[in-house]
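Undergrad: What follows is each chain in one-letter form.
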Amino acid sequence: MNTPSNLKYTQSDEWFDPATGAVGITDYAQGQLSDIVFVEILVDEGEEVTVGKAIASVESVKASSEIYAPAAGKVSAVNKDLSNAPESINTDPYGAAWMIKIEGGTTSDAMDAAAYEKYCEGRTH
Amino acid sequence: MATIIEPTIFELSSPGRRGVKMPASDVPEMALPPKEFLRSELPLPELAEVDVVRHYMSLSKMNYSVDSGFYPLGSCTMKYNPKINEDTCRLPGFLFTHPLQPIETVQGNLALMFEMQEWLKEISGFAGVTLQPAAGAHGEFTGVLMMAAYHKLRGDTKRTKMLIPDAAHGTNPASVGMLGMQVVTIPSDARGNVDLRALESACDDTVAGMMLTNPNTLGMFDENIEKVVALVKDCGALMYGDGANLNALLGIVRPGDLGFDVMHFNLHKTFSVPHGGGGPGSGPVGVSQRLVDFLPSPLVGILEESEGDMAPLYGFVTPKNTIGRMKAFHGHFGGGLVRSYTYIAMHGPDGLKDISQYAVLNANYLQARLRDTYKIPFDRICMHEFVMEGKFEGSDVRALDISKRLMDFNFHPPTNYFPLIVSEALMIEPTETENKDTLDRFADALIKIAEEAKTQPDLLHNAPITTKFGRMDEVKAARELVLCCWLPENYEQMA
Amino acid sequence: MTYIPISPAERDAMLKTVGVKSLDDLFEAVPARHRFPKLDLPPALTEMEAAAHLGEMAASNENVRQDLISFLGAGAYNHYVPSVVDHILRRGEFYTAYTPYQPEISQGTLQAIFEYQSLMASLTGMEVSNASHYDGATATAEAVNLAYAQFRGKRKKIVMSPSVHPQYRQVIRTYTQAMGLEEAGDDSARHEDGPEALISLFDENTMIVIVQYPDFFGRIYDLAQVINAAHEKGALVCVVANPTALLMLKSPGDMGADIVVGEAQPFGIPLWYGGPYLGFFTTRKSYVHKMAGRLVGETVDVRGNRSYVLTLTAREQHIKRERATSNICTNQGLLALGCSVYMSVLGKQGLQEVANLCYQKAHYAAAELSKIKSFGLCHPEPFFHEFVLCTPKPASEVNQYLLDHGVLGGYDLGADYPDMQNHLLVAVTEMNSKEEIDTLVELLKEM
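Residue numbers (our numbering), protein chains in the order written: chain L, 1 to 125; chain S, 1 to 495; chain D, 1 to 447.
Heads up, none of these hints are tricks.
Simulated pairs of lysine-lysine, DSSO-like, Cα-Cα distance not exceeding 30 Å:
1. D:Lys16 <-> S:Lys436
2. D:Lys154 <-> L:Lys53
3. L:Lys74 <-> L:Lys8
4. D:Lys233 <-> L:Lys80
5. S:Lys391 <-> L:Lys62
Because the hints were derived from the structure by calculation, they are not lab data.
For reference, chain L alone in the conformation it holds in the complex (with noise of 0.2 Å):
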């Protein structure tokens, strides 16, 4: 399992770049959906956002997921180019997967790379 420590993550297992604010969702959470088939992106730029919600909506061949805004703030991105691709979320989830950039986005209770690696461990599928 990958997990970069530069970033911040959530139970819900999204990702946060505090250095771009970029957002995405983790390897693990990946590998858990399978297949990624279809992503929609739920906000638009310029949209403000609280932590919680509704970011995106991810289909895989067997789960639909939605993903939750991990910080509070201001879109000042949205990947377009994620729903061409979406089965970059299997291969990249940090890079070519980010979803949206929260500007200046706070993170409340994120996790860091080490205690969400542990999250993860506790957890059974």
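Mind docking chains S and D on chain L? Use the hints.
TA: Chains S and D only, in chain L's frame:
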């Protein structure tokens, strides 16, 4: 290139080939509309009649069906579909009546519909029935619309929540979602009943109703059903019954008597309308007295009472506070109501009770035969179906593998991965139309598969082996999304 | 015990295995005071008795093949169904199968649905079709659901032509009553208007525009202008189409429609007093994830065989639950098969013959009827196989007179459009002989 087992109807086309011809026109030639209104091409297949027959015959042979074998698909009630129904629903008087004919010319249809309403009321204990909904999910949507309309008319606008047990069918929350209501999930307790404490704390004046399948999707009749209904009603909410499992209750108990306010019937489950490879179904809805005025419009009623030898005049009536029309015309009359009417007429009160008693006997018999081999998480007398776990200690064999392996024994698999609250669920509903020999062979197969899971797990991972087709690449289907084929000559422009 | 294959001895052996004494003992979880109600239903009939009873009920109707001459359409049409269709539908392998959840042993149903999707996409000029809906009206309502989901609830206005089938408009209102939508255009008094009259109603809040083709009155319009105007405002356009008409007329896909829906009953499905019928739904590939209903896609199995599966199932209610576009979980499987067999066995040429016969006979009827004093065609626009006849007396009276002579004259439009009391909607298909049409004309001349 993939191997083609049976070409598509488009691939079988050959330009200039003819099937059924229509007669020449017997009227003087009339001018066509201006060219700009006409289509320039009609890219449809061209075949001879025998080509068409051979094609669909060969497709039919790739299907498993109730007519060919045991189909214990939990929650779907895959019972035998009597052949007489196929004849009655095709009687010319039913087949060739137009839905907008004057009522005087279709009194036979209307009498059948009126009686069907009355029979379903009697079977379920409800005060009113609509025959309009086209399927179970459509009936559910109808029911939820009526519940919302009931509260709205009373000015009780803060009731925006629907309580739904964790074991519910996905259609329940989806129906609620179509109204923008909020779903509140209620857990099940250790015996497979609704958790009464959780229910009690969820019931307040913001609750519109509860949607309950009883027996539930574990096949358990809720042992506290009267308390559940009382809790819901005491907070001013309405009680919805999902009739998917009515095959366990005919002549056993009437949901209306238990205090339910609304329930949909699945005529394609309980009352032998064939499933047709996924439809058409038929989903009439019954309601208690307080919802009768909200039923969809129109219903069939008596416009003029019978006098002496004269039959009554049947026609359409509109309920006072109707939610409106759920579909065009009058419901699934021919393929749904006529078949079910025939079925109920041939059973009578005692025959209906037999159906449920034997459906429940068959399920309990299978459960008893499998109890020592498979874990049954909620193990008590079940109703018409039961759920067991398709996994074994120390084995990577899953419910899916067991299901696929059953095909090698020439059985249709049970429902798997539902309900969601049982890990690796296998949900088995034998129905009343199976004999003891079939049930024994099925149990023997499952016991043998459990043995294979220990000794040769790869056999299960690779199953099915003996069928014409093996497991499918579902990821490829979803990623490449090839959803149509075209005539060979049109491929370039469409691709 | 009508269909229960268990002997008393077998029953007793099974009860013993279960560990109970009697069948009644299986139901102790049911509250005792409500257990085993006595049902007041008629006693059971044998098969022979049921066949006779149902035969009598059916025979007490007057049907449009043996008893009445019919010019009634208005959303359900009397067409010839080739014999092959019902022979295929009576195959137990098709009609007693369930939804094809296990593709290895359901390829017959799956390939048949895939072919149905292909046939409907070709007919409507669209890129994809789903596996079908309950009927034309509910398919139209699902188009509204698609649009609502596509704009994520941010656009809330439906613009609907008053010449969409009145029952379809009613169903849309029922479906959407709790969604807080704004409706425009649906004004029965504006029935004379063509589709362009809707354009002034389009705005940035418009999610979907719904028009019918040919419209409820049978009129044909080129819809390109109205579709372009809707697209300029970013709205989707749904065209409710008659499949028989599409065999001859320019397809809605060609005119730029985003969604094409309709009632496929004319394609091989009996009138059956209104159902079950077959709602078709086709659209552009870009909307496929928001489309309700089952969908079959091509793939391969582990042995390299081309095969078919239900795909994009994570959109549906059993996975997405309350977030799904719709709660729908069936299609009209068997009737979609019937539609495919109908289209295949008539084939391109046979289908074109059906369309041409409908057109020719309807136009002959219209020409002859409009020669009768005080009768006339109400609309100048081109039409396909249905048209509105203006009558000197209320259409209800005309219909009663015709019925007394064994003729169903048509649909009385006054029932839905208050100022159309003297308007009769007349449908003519290949089933109407010249002799029948002449009978209608003669009767009206004598009225």
